[in-house]
Amino acid sequence: MPEAERPIAAISVENLRVSYGTREILHGISFEVLKGETLVILGGSGSGKSTLLRTMVGLQRPTSGEVYINGTATSRLSERDMDVIRMKMGMSFQAGALFGSMTVGENVALPLREHTRLEESTIEIMVRIKLGQVGLSKFQDFMPSELSGGMKKRAAVARALAMDPEILFFDEPSAGLDPIVAAGLDQLILNLKKAYSISIVVVTHELASAFLIADRMVLVDRGHIIATGTVEELQASTHPRVRQFLDRVPEAEVAEELDSLEILTGDREKE
Amino acid sequence: MRVAQRIEQVPGTIGLKTLEGLAYLGSLAELAGRSVYITFVGPFKGKPLRPQRAIHQGMAVGVEAIPIVSMITMLFGLILALQMAHELKKFGMLQLVPEAVIVSTLRELGPLITAIVVIGRSGSAFAAEIGTKKVTEEVDALRTMAFDPVGFLVAPKFLAMIVMLPALTIWANLMGAVGGSIFGVLGAGFTFQSYLRATLDAVVLSDVFTGLTKSVVFAIVITAVGCREGFGTGAGAEEVGRSTTSAVVTSIFMVVLVDMIFTTIFYMTSGAKG
Numbered sequence: 080m081p082e083a084e085r086p087i088a089a090i091s092v093e094n095l096r097v098s099y100g101t102r103e104i105l106h107g108i109s110f111e112v113l114k115g116e117t118l119v120i121l122g123g124s125g126s127g128k129s130t131l132l133r134t135m136v137g138l139q140r141p142t143s144g145e146v147y148i149n150g151t152a153t154s155r156l157s158e159r160d161m162d163v164i165r166m167k168m169g170m171s172f173q174a175g176a177l178f179g180s181m182t183v184g185e186n187v188a189l190p191l192r193e194h195t196r197l198e199e200s201t202i203e204i205m206v207r208i209k210l211g212q213v214g215l216s217k218f219q220d221f222m223p224s225e226l227s228g229g230m231k232k233r234a235a236v237a238r239a240l241a242m243d244p245e246i247l248f249f250d251e252p253s254a255g256l257d258p259i260v261a262a263g264l265d266q267l268i269l270n271l272k273k274a275y276s277i278s279i280v281v282v283t284h285e286l287a288s289a290f291l292i293a294d295r296m297v298l299v300d301r302g303h304i305i306a307t308g309t310v311e312e313l314q315a316s317t318h319p320r321v322r323q324f325l326d327r328v329p330e331a332e333v334a335e336e337l338d339s340l341e342i343l344t345g346d347r348e349k350e
Numbered sequence: 058m059r060v061a062q063r064i065e066q067v068p069g070t071i072g073l074k075t076l077e078g079l080a081y082l083g084s085l086a087e088l089a090g091r092s093v094y095i096t097f098v099g100p101f102k103g104k105p106l107r108p109q110r111a112i113h114q115g116m117a118v119g120v121e122a123i124p125i126v127s128m129i130t131m132l133f134g135l136i137l138a139l140q141m142a143h144e145l146k147k148f149g150m151l152q153l154v155p156e157a158v159i160v161s162t163l164r165e166l167g168p169l170i171t172a173i174v175v176i177g178r179s180g181s182a183f184a185a186e187i188g189t190k191k192v193t194e195e196v197d198a199l200r201t202m203a204f205d206p207v208g209f210l211v212a213p214k215f216l217a218m219i220v221m222l223p224a225l226t227i228w229a230n231l232m233g234a235v236g237g238s239i240f241g242v243l244g245a246g247f248t249f250q251s252y253l254r255a256t257l258d259a260v261v262l263s264d265v266f267t268g269l270t271k272s273v274v275f276a277i278v279i280t281a282v283g284c285r286e287g288f289g290t291g292a293g294a295e296e297v298g299r300s301t302t303s304a305v306v307t308s309i310f311m312v313v314l315v316d317m318i319f320t321t322i323f324y325m326t327s328g329a330k331g
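As they're listed, the protein sequences go chains A and B.
Quick note, the first sequence lines up with residues 80 to 350 if you use my numbering.
Quick note, the second sequence lines up with residues 58 to 331 if you use my numbering.
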């Protein structure tokens, strides 16, 4: 392996702060996604990982800090300029977010039809290729409502791949899926890794999937990054919150007698 | 002390509500303006229009509304004829019923009733469609795929509505006349032909013009409010219901408001007509 090559960052997040109104969700996050690597953003509910993902793809504007995509600063771009960058990105949403009024094939064809001047016949072939890659070749003319949850997610991946993106984003790919179907989706992501030199960012809280697909991981907790590194590095961590997350330890229960009394007789918090 | 505090808050609340109202109108104008730009200016700047979506919307907004609009406006024509006859009878002037019906229909009831039916059908549908798309992240998906949600979801609706609502209104006017003729034939001694003859004799161009102008403006208002409420939907299914209701109520109010403004303008500019 050539020594002098410093890996280039496909995405670089620097001191990112994001707020909804007056509530700050992310308190100065910094990390990198190197070209061709799969980064998993782990975190519990309310940790801010979904906000982080939305900010990275430009759906949310940060209050301060910067997101660099292939070297371009994106936080202050206009929607039109951001669209240019989005052409090279693909995103698979948590519930698939397929357009319900179109068939699966039309969903996948949509970006090709609108953004390119390709012939219909070419688009048709590309749609079949993409659907074949996710294992949905026979479902081209199905409506999204006729698909199961796992199939919807696969279709969403096919649509995200339609324009041959350089960066793929996944929002909770295994959410709501049974273990077998979830494993199938993990395998799909692994296949994509092998087939393309694509940078992949996955937001999830499913540990098993994360360990399987990640090159590196980032653990987000309450708006801060509390751990970064390879799977081995994270598994060897001694940070208490990291250990709690990885070992599936629930939040400490109220054990003190006096605390129980307070709960039963004290003022209600949210008046 | 509490009462004094409450009274102190009133000017502030009024100010806040006014600002919110103006912001709302601003967002409506933005949606309308961007849709006009995308529909009429975009094609000259290398972004061709795909009429497919607008045609599909047009079918839903216009063609599928014909049965219900026909029935309602025909009944209204009959109602109008009966009410007019009620007064005209006192002066023994039942032969004026056709004129009274058609002028009221063309200028006022045709555009207004059609608009209200379309609000119920399409204004709510727009809000529900866009609201549901917002809740299921389809709007976000559009953005990440480098599409403009306004160009994709709103502009086709505007184009469809601006074409279809005036067309529906014209049809509704005809149905209103037909409805009036029912009374004319059964209760005022007309024949169908003589009633229609009397109707046509009474029509003046300005009657048609004022009515259709109103319906174009109604079309813009209905689409803007329906889409604006859709985009303003919060999270969850309840929110979709809320924003749909709000779309219908707000549309009806604004349509009547616009109607009043235009009727006043047309009245004042009608000069010294008899």
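Please keep in mind that the hints were generated in silico from the structure rather than gathered at the bench.
Some hints here could point you the wrong way.
[As the list claims (entries may be wrong)] Reference listing, derived: stretches of chain A covered by chain B, where coverage requires no fewer than 3 residues with Cβ under 8 Å from a Cβ of chain B:
| # | region |
| --- | --- |
| 1 | 135 to 144 |
| 2 | 215 to 221 |
| 3 | 322 to 330 |
[To be verified] Listing some non-contacts, in silico: residues in chain A with all C-beta distances to chain B over 12 Å:
| # | residue |
| --- | --- |
| 4 | E111 |
| 5 | R207 |
| 6 | K272 |
| 7 | A274 |
| 8 | Y275 |
| 9 | H303 |
| 10 | G308 |
| 11 | T309 |
| 12 | S339 |
Every residue, glycine too, gets a C-beta built ideally from N, C-alpha and C.
Structure-based check of each hint:
As drawn, the region 135 to 144 of chain A meets chain B at 3 residues by the rule of a beta-carbon pair under 8 Å; at three or more, the given contact holds. Only residues whose C-beta sits within less than 8 Å of a C-beta in chain B count toward coverage, and the region 215 to 221 of chain A has 0 of them, not enough to reach three; the restraint is violated. By the rule of at least three residues with a Cβ nearer than 8 Å to a Cβ of chain B, the coverage given for the region 322 to 330 of chain A is violated, with 0 such residues. A/E111, annotated as away from the interface, keeps every beta carbon of chain B farther than 12 Å; the closest lies near 21 Å.
A/R207, annotated as away from the interface, keeps every beta carbon of chain B farther than 12 Å; the closest lies near 20 Å. Annotated as non-interface, A/K272 keeps its C-beta farther than 12 Å from every C-beta of chain B; the closest such distance is 21 Å. Non-interface call for A/A274 relative to chain B: holds, since the shortest CB-CB distance, roughly 22 Å, exceeds 12 Å. With a minimum CB-CB distance of about 19 Å to chain B, A/Y275 clears the 12 Å threshold, and the non-interface call stands.
With 12 Å as the threshold on Cβ separation, the claim that A/H303 sits away from chain B holds: the shortest Cβ distance comes to roughly 25 Å. Every beta carbon of chain B lies more than 12 Å from that of A/G308, the smallest distance being close to 28 Å; the non-interface claim holds. Distance check on A/T309: its Cβ is at least 28 Å (rounded) from any Cβ of chain B, clearing the 12 Å threshold; non-interface status holds. Listed as outside the interface, A/S339 is consistent with that label: its C-beta sits roughly 33 Å from the nearest C-beta of chain B, beyond the 12 Å cut-off.
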